[in-house]
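Chains as they are written, first to last, in full-length UniProt numbering: chain A, 1 to 365; chain B, 1 to 324; chain C, 1 to 267; chain D, 1 to 150.
Keep in mind that the hints are not guaranteed to be accurate.
Unchecked claim - 30 Å max Cα-Cα, derived DSBU-like pairs, lysine-lysine:
(1) Lys180/A with Lys13/D
(2) Lys84/A with Lys195/C
(3) Lys170/A with Lys66/D
(4) Lys289/A with Lys13/D
(5) Lys269/A with Lys195/C
(6) Lys17/D with Lys269/A
(7) Lys258/C with Lys318/A
(8) Lys131/B with Lys342/A
Claimed, not checked - Anything over 12 Å on all C-beta distances counts as not near chain C; from chain A, calculated:
(9) Glu6
(10) Leu8
(11) Ala81
(12) Ala183
(13) Thr184
(14) Gln197
(15) His232
(16) Lys279
(17) Glu339
As the list claims (entries may be wrong) - Residues from chain B shown here face chain D by an in silico Cβ test under 8 Å; the list is partial:
(18) Trp33
(19) Ile34
(20) Asn36
(21) Arg37
(22) Pro38
(23) Pro40
(24) Asn168
(25) Phe278
Just so you know, the hints here were simulated from the structure itself, not pulled from any lab data.
Note that the structure is predicted; figures quoted are calculated from it, not measured.
Every residue gets a Cβ at the ideal spot worked out from N, C-alpha and C, and that includes glycine.
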Amino acid sequence: MLRTEEMLLNMGPQHPSTHGVLRLVIKIDGEIIREVDPVVGYLHRGTEKLAEDLTYTQIIPYTDRLDYVSAMTNNYAVVHATEKLMGLEVPERAEYLRMITMELNRVASHLVWVGTYLLDLGAMSPFLYCFQDRETILNLFNELCGARLTYNYMRVGGVKWDAPEGWLQKVEEFVLYMQKELATYHDLISGNDIFLQRTRGIGIYTKEQALSYALSGSNLRVTGVPWDLRQHQSYSLYHQFQFEIPTGETGDVLDKYHLRMQEIEESLKIVKQVLDVIKEGPIMGKVPKVLRVPEGEVYTGVESPRGELGCHIVSNGKNKPWRLKFRRPSFYNLQILPELLKGENISNLVAILGGIDIILGEVDG
Amino acid sequence: MDLFFYLGPIILMLLLLGFVTYAILFERKVIGWIQNRPGPNQVGPWGLFQTIADVAKLLLKEDIVPGKADRALFKLAPIIAFVPAFAILAVIPFTESWQFGDFAVGLLYYIAISSITIIGILTGAWASNNKYSLLGGMRSAAQMISYEIPLVLSVVGIVMTTGSLDLNDIVLAQKKVWFIVPQFLAFLIFLIASLAELNRTPFDLPEAESELVAGYHVEYTGFRFAFFMLAEYVYVFAMASLTTCLFLGGWLPLFGLTMIPGILWFLLKFSLVVFSLFWIRATMPRLRVDQLMQFAWKVLLPLSLLNIFLTAIFKEIPVLSSFY
Amino acid sequence: MSDQEKELTQETKATNIMGEEAVKNEEASEEQGVQTLSNTTSQQMNAEAVKLANEEQGIKSSPNTPPKQESRENAVTKPQAASVPPKKPAATPRPAAKKPAEEKPLEPSRKQPWLDKFVVKLKELEGSEHLEDAFINRANNDLPTLVVKSEWWRTLALHLRNHPDCQFHYVQNFSSVDYETHLEVVVHLFSFPHKERLGVLVKVDRAEAKVDSVADIWDAANWNEREAYDLMGIIFEGHPDLRRIMLTDQWIGHPLRKDYVPYDEGV
Amino acid sequence: MFGLLKGLGVTLKNMTKPKVTYNYPAEPIPVPDRFRGIQHFDAEKCIVCNQCALVCPTDCITLTGKRNPDPEKKGKVIEIYDINFEICILCDLCTEVCPTEAIVMTNNFELATYSRDDLFKNMQWLHDNNQNIRQENMSSKPPGAAGGAK
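Chain A extracted, bound-state conformation:
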């Protein structure tokens, strides 16, 4: 009998496939994982503490830096919670613009996921193809609000910029282009036997586990729970539009891939519908010059590409929040990782971790 020994392997915080500064302390037996302890907090910037000293307008640029892949949704989360507490009316055009940007941002975010996930699995070209299409979206955002990642676009009561001339046309062109382009992705990725082999049957968890770990977004939907805040706790004007909530069947990573590809389609559909009804109009509601939010407490969740992005605000009636807490979906989703990795091969680690789709800026707040 050979003498074997368990090895303690530190994966991260600098590692190519931990998607940022996540550290995983892994106990391995050969290449089989026995135990995983995720260590987070390397990117903790104390957003919640900082927010206590900032006015509601000033918080918005900070939210850009939480989930930096879909900053529009973050903007919206805090703006939405504030508006809820103040009982503000937001003009229709502003809400439509918000929806267009949020849905485009979801497409961009899922494209990043597909690209980086394939990169984790060792394929390089899909990554660059995804980034090319994402680039188009970022350029559209750049035209709209002057930044490619840190948008700082939404304001309490509306949005900062109206769409520039011809912008909506460009969005429509992109939507039509992207709907066709998805076929190329399926040609390149979905049929690839190696990809199927790598992703099929790994990272499976049950519905009960998913609920207990409070997973949200595609990580929850993949277990077959059709739970989407855009429909079930409708915010903005989503109730006006038709879209499906794709759910998974087997719950493995392959399912997540297909689910996110379908979500891209659905998002494009929503954008298309919004473009059909958007009209000229004001983009800012009637907002007092100094935002003083009435005393009270509010929690609202919005559907970010990663799941339920919530914002819990406690206000004492001043122009700064008494307490602001973000329910960060990546933080919740990452918790299930040790459960999933027990007994898996180390090559499955990246495949499963990638499948969860975490953004470390968000995990660490």
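Given the coordinates of chain A, assemble chains B, C and D onto it according to the supplied hints.
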């Protein structure tokens, strides 16, 4: 002849270095084009000096030996890995006359010597005293040993047809038809197995950067690292040459275009093989380690045995036997 | 006033953002500009400038007080004395007493009947005297909210998770607030079978911030309790692995407490 | 197996597509007008209202004013105006609140230096940064007004 005997290897070595330099550039260019970008284009016209600059950087870098490493083995490993890679080139017939060591068991020599490299890799992996490199080294040992078997078995069919292990004879036997046609199954097996032997995507598990950072050479820097890279690309050179000789008719011309010299034909076919290696690399994700082993033992090995069996049968069938 | 200046004023009014303060500040910093002329570094000057300007606006100089508990509830509850169980502490003033001018009879919330029934059932539970309050948070989509004492939290959590009438399997949000008088663990739950949302506010003593862990009831609470411990200093008893999660293990203090002062070795 | 070939087909097809990269340092990157770059500051227009410093989320703006040297004029003139680009996040809030458009965004974004101290930009530097000034600064203004949305 004596002069050639001594100078030849030096010329070959220089040629080889030239090839490696431009193979790396070519690889980056091809992958760049596939990904809608120009590839390296800053150093020199069309980026021609990019690799030279990279090599110069590697040579100028500080030579780091990790404190906990086994110093002697750590330094020895790149040499063990590189020398066999260079030695196997002796038997490759580039043209009728361009061959350094023409002996009867060339193919056997090639396969035997090339498997020594794995010892170098394993030594380097172990001597680094790093967990990632150890995992990479173990993977690469398992992988290379497993894939050597289908690799060898796939060429048995050719050996049976020609009745010789001499690469010259094998090339000359393809005057009528290249072996890629009658031995297509063998060609597929050989191509896949050689990809695995070369540790290239989709079989680049030993250095899978998304899992093991850089695999067996994670602790190597500077010149020692360059040696591993060199060994890898020399193997690309050797394997592409071997594929050309075995399946694509070596220096033999196509459509009777004999006015084009043999070496050009060789280079053309050779470049095609190299290009397809790069092309596959740009497209495929990486296999998982257990699937990789299963693939070798459960798919490739039976298939290559089947190929031997089929070859033996076809050789006995009157009409078909003319191809074999 | 020249035409240009007029235009400027108009523009200022057109913007939504603190237009009028501009003029006030202008006057405020006029004095200050003279004062700081003799100062040496621009940073110092700026600090003073901002401070003065802030005083003018009443942002920083006025003491930042925590939201009043009663008023929070009042703002969001409607007068519903009849339906609220009698054990509710009498200390909670009615809105009528507080703000008579604004008082107008609100429509009963659509969630009120549900909450009333729910509370009646909760009363049957052991230790239900710890239920301090139950109200509807109107601003928050009529969210039914319970206020409980920390002793009862674990019993309540088990009930909420397992009882067939509740089945709150899903933790939407797990937060904590420092009210200076006490701490509060805020949990927002969702029940998939009943499609109900529920907010639970667990009052925790500030000096001895201890509350039972619910990490074994909801897996999602595990890291969230670690986060609350790390940043708010609430100790969750019975937690399997109560370590700091965001900050380093050597960190001193709990930053989200309102009285937190960064520990600096140099000082 | 067929899927693998399909994928190879996609990559091969992409080889002939036009390149999408920018030849960046050699050719400037085209940015839209609304791009949020380094601020341009015009001391003439500044009324020392302090709003930009107040609204700045990172407190990177330092400013002081003094009495107008011309005794007949009311108001104040700016004396010191610094932006610390080590912490400035180019969030655009300062230009948004500025009532006189004394501080506006430009389309320049190249800030890299070898020293952190170089990132501390004073009024003169900000004033000289007058290329590619953003045309459209306040979209909340009615369309057609100066600086308003088009």
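Hints, one by one, checked against the model:
no.	hint	in the structure
1	Lys180/A with Lys13/D	16 Å, holds
2	Lys84/A with Lys195/C	21 Å, holds
3	Lys170/A with Lys66/D	49 Å, violated
4	Lys289/A with Lys13/D	56 Å, violated
5	Lys269/A with Lys195/C	27 Å, holds
6	Lys17/D with Lys269/A	28 Å, holds
7	Lys258/C with Lys318/A	16 Å, holds
8	Lys131/B with Lys342/A	19 Å, holds
9	Glu6	20 Å, holds
10	Leu8	17 Å, holds
11	Ala81	9 Å, violated
12	Ala183	35 Å, holds
13	Thr184	37 Å, holds
14	Gln197	30 Å, holds
15	His232	8 Å, violated
16	Lys279	22 Å, holds
17	Glu339	8 Å, violated
18	Trp33	5 Å, holds
19	Ile34	5 Å, holds
20	Asn36	5 Å, holds
21	Arg37	5 Å, holds
22	Pro38	5 Å, holds
23	Pro40	12 Å, violated
24	Asn168	33 Å, violated
25	Phe278	10 Å, violated
Hint compliance for this structure: hints 3, 4, 11, 15, 17, 23, 24, 25 are not met, and every other hint is.
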